[in-house]
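Number of protein chains: 2
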Amino acid sequence: MPKSRPKNAFYAQSGGVTAVINASASGVIETARKHKNKIGKVYAGRNGIIGALTEDLIDTSRETPRAIAALRHTPSGAFGSCRYKLKSLEENRREYQRLIEVFAAHDIGYFFYNGGGDSADTCLKVSQLSETMGYPIQAIHVPKTVDNDLPITDNCPGFGSVAKYIAVSTREASFDVASMAKTSTKVFIIEVMGRHAGWIAAAGGLASSADTEIPILILFPEVRFDRKKFMQKVDQLVKKHGYVSVVVSEGVKGPDDKFLSDQGLKDAFGHAQLGGVAPVVANMVKQDLDLKYHWAVADYLQRAARHIASKTDVDQAYAVGRQAVRMALKGDNAVMPAIKRVSNQPYKWKIEKAPLHKVANVEKMMPKNFITRDGFGITDKCREYLTPLIKGEDYPPYKNGMPQYIRLKNAPVKKKLKSRFTP
Amino acid sequence: MPKSRPKNAFYAQSGGVTAVINASASGVIETARKHKNKIGKVYAGRNGIIGALTEDLIDTSRETPRAIAALRHTPSGAFGSCRYKLKSLEENRREYQRLIEVFAAHDIGYFFYNGGGDSADTCLKVSQLSETMGYPIQAIHVPKTVDNDLPITDNCPGFGSVAKYIAVSTREASFDVASMAKTSTKVFIIEVMGRHAGWIAAAGGLASSADTEIPILILFPEVRFDRKKFMQKVDQLVKKHGYVSVVVSEGVKGPDDKFLSDQGLKDAFGHAQLGGVAPVVANMVKQDLDLKYHWAVADYLQRAARHIASKTDVDQAYAVGRQAVRMALKGDNAVMPAIKRVSNQPYKWKIEKAPLHKVANVEKMMPKNFITRDGFGITDKCREYLTPLIKGEDYPPYKNGMPQYIRLKNAPVKKKLKSRFTP
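Protein chains in written order, with this note's numbering: chain A, 1 to 423; chain B, 1 to 423.
Check each hint, because a few of them may be wrong.
Intra- or inter-copy, both count: the list cannot distinguish identical chains.
Under the rule of at most 25 Å between Cα atoms (straight-line distance), these lysine-lysine pairs were calculated in the DSS-like manner [stated by the list, open to error]:
1. Lys311 - Lys399
2. Lys38 - Lys330
3. Lys182 - Lys415
4. Lys258 - Lys381
5. Lys292 - Lys253
6. Lys233 - Lys340
Hints listed in this document are in silico derivations from the structure and should not be mistaken for laboratory results.
Using the sequences and the hints given, assemble the complete structure.
Have a look at this one:
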């Protein structure tokens with residue numbers, strides 16, 4: 001009896017990329033390569049699921065083991081990512097039919113989707129293709145999001161490295177401000193990501209620790225901005241310490257329930273101008289307290305900063321990729337490898353299996369008891385949760401002073417379909 | 001004959017701090033400690049020269065060798081810095097008389113001043129106290145400035161680390177944008193320091209190298225902003241590569257000779273708002289090309305980022321501190337240790353002696369042949385100059401995921417004068 005050829009796998013990256021999503025890719029591909037009897041080739045979608053819809057596949061088997069290993073220390077999405085959410089089967093049957101067409105043409109039996117909440121939903125829909133459309137496939141979600149808002153998993157790969165970047169940067173800038181405060185800047189404001197949840201802003205609180213205390217105020221999206229109360233705090237801390245650092249989440253809202261960043265700024269010609277929230281808070285500090293300020297907006301720097309990635313994060317990102325393949329090999333479908341915290345001191349974790357229908361479309365908010373009563377700081381409970389996630393350094397290799405990040409060949413798989421598809 | 005007690009030394013930090021100015025402090029103090037027969041105690045000025053004027057001195061002999069060694073990996077100014085320029089002797093004789101009073105009271109015979117161009121001027125004035133006011137002192141300037149604009153010295157301690165931070169961050173963010181460009185951000189804009197000279201902006205050009213090409217446009221303060229020409233470039237590069245990264249210096253000026261950042265923004269209440277230049281450029285890109293953008297403002301993060309300091313920079317910062325003391329021991333006055341580039345490949349450098357009157361009040365601009373003809377990039381000559389300055393990593397120690405930066409005891413020296421002084 002001839003042995004049937006093993007099915008190929010599809011892997012794609014989705015949504016905002018991170019410093020460690022390629023570590024997950026490395027985990028998926030390296031593990032799949034170890035099981036060639038069960039998994040044929042790993043095809044990556046160019047620009048996420050769009051690559052599947054347009055039959056724009058990348059043949060990862062053309063990459064050297066060394067290149068795949070180097071993904072572990074390379075930030076961003078090596079195959080391109082996308083912001084594209086599949087509609088429901090009822091709303092857009094055409095997309096699902098196309099996916100099946102492409103999967104069938106390339107003999108794809110495994111679907112690994114590396115993303116956040118929206119992507120978990122897409123992955124769940126794909127996992128149901130066997131049932132709904134009669135195409136046999138195993139779909140495994142590989143968790144990733146700097147927002148840290150996926151349920152079940154204790155934390156999300158990608159978050160720990162942003163958290164470390166923000167904690168380290170806030171500490172460093174605070175040292176700077178402290179030394180200038182006598183005759184210059186007294187208030188430093190750093191804007192961080194997090195439109196809905198304050199996980200990243202909370203990480204700014206780690207800049208201050210028992211052995212290195214720093215006056216820090218955090219503006220969480222969970223806490224309505226109270227200008228008067230905030231200014232009182234700024235004033236108090238500047239009087240006591242000579243300076244203060246403010247970590248402000250991009251998602252902070254004012255009493256009118258609008259984003260604080262949305263201030264209706266207009267230029268000299270009356271054109272509306274989009275700004276960040278940091279300059280808005282800075283201007284308020286100037287108006288209300290007349291204190292000298294500086295502000296920074298970390299933007300992409302924070303989620304791309306592989307040079308200061310957390311080792312915990314890199315290890316976990318790799319592990320969820322590896323485990324996703326192992327789950328597939330065991331016959332699982334519609335699951336996600338989730339991180340389970342086993343102990344805090346020493347920090348221990350393991351990977352468990354989470355059913356995907358419990359992950360998709362559920363947003364994990366920050367627990368109320370992670371924010372101090374006054375609304376401007378993190379509690380010990382929060383600190384206990386966050387600290388292990390930023391632990392350890394995992395430096396990339398350098399050449400001539402610059403980190404050596406890999407760029408793959410990303411050779412296309414020959415198209416087999418005649419029809420074209422426009423997503 | 002009783003041996004005379006060695007004179008004490010005064011050391012102070014001045015102007016904007018850097019990631020490595022404390023390495024210079026470490027170099028000064030460790031070297032002075034090795035010559036106790038010639039230099040008594042090292043007193044640091046709390047908040048720079050203000051500490052001297054107000055007799056607010058710090059006794060560095062109270063710090064352990066370990067603490068002084070840890071300064072080498074600690075960003076910011078450990079003794080506090082200030083923005084304060086001594087007026088000329090004619091304009092403010094009172095300040096000089098006060099300095100002499102304080103120096104005499106504490107038996108200070110050496111003056112080490114760690115700063116940029118303005119500070120070199122202050123140091124020069126102090127070096128002339130022997131002549132002008134009859135108080136014997138040796139004044140040595142220790143160079144430091146992220147602006148890299150001191151003359152004679154091939155480069156300035158502090159610059160290499162900012163350059164590395166900007167080069168690394170721009171590379172990382174560019175990888176991020178490249179992977180998102182298909183369905184999201186196509187133009188990434190990062191604002192960097194440099195009000196007069198484009199040294200730091202130029203470092204953004206290092207993000208792209210022969211082995212890792214990245215489409216980058218640099219907006220230098222040396223080149224008048226031409227909106228139409230810039231937009232053509234952005235459009236071209238986005239069409240060719242799918243994305244572009246823009247490094248914009250805070251000092252860029254428009255055709256009206258005003259800072260581009262000064263756009264006369266007003267909030268909903270008509271209050272003037274101060275913003276950075278990055279959001280201004282971003283809004284122009286939106287208006288003219290309707291491309292999705294993201295922008296970041298690095299601000300203090302760039303000059304405080306000790307976690308990604310250049311080893312060359314750290315070594316040189318320490319060396320100029322050490323050499324300053326050695327020059328003092330040899331009887332020098334009114335000099336500055338300057339870095340001389342001996343060879344490019346391999347990069348070799350040594351410290352030479354520069355006369356302070358040739359340093360003070362001279363600003364070194366970027367050579368014209370460092371900027372490409374189109375005004376948006378760096379030439380090979382510039383690359384050759386910059387590359388060695390960002391070479392090597394010099395990581396600080398970490399604990400629980402956070403860099404361990406030292407905070408000194410900063411014990412005050414007992415005041416000896418009855419009179420108070422208000423600068």
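Structure-based check of all given hints:
In this assembly of identical chains, lysine 311 and lysine 399 lie within 25 Å of each other by CA distance both inside one copy and across copies; the values are 21 Å within and 13 Å between. Taking the shortest Cα distances, lysine 38 and lysine 330 sit within 25 Å of each other inside one copy (10 Å), while across copies they are farther apart (76 Å). In this homomeric assembly, lysine 182 and lysine 415 come within 25 Å of each other (Cα to Cα) only across copies, at 20 Å, whereas the closest approach inside a single copy is 66 Å. Taking the closest pair of Cα atoms, lysine 258 and lysine 381 never come within 25 Å of each other, the shortest separation being 30 Å inside a single copy and 50 Å across copies.
Within a single copy, lysine 292 and lysine 253 get their C-alpha atoms as close as 24 Å, and across copies as close as 23 Å, so both meet the 25 Å cut-off. Taking the closest pair of Cα atoms, lysine 233 and lysine 340 never come within 25 Å of each other, the shortest separation being 37 Å inside a single copy and 49 Å across copies.
The earlier numbered hints that this structure contradicts are 4, 6.
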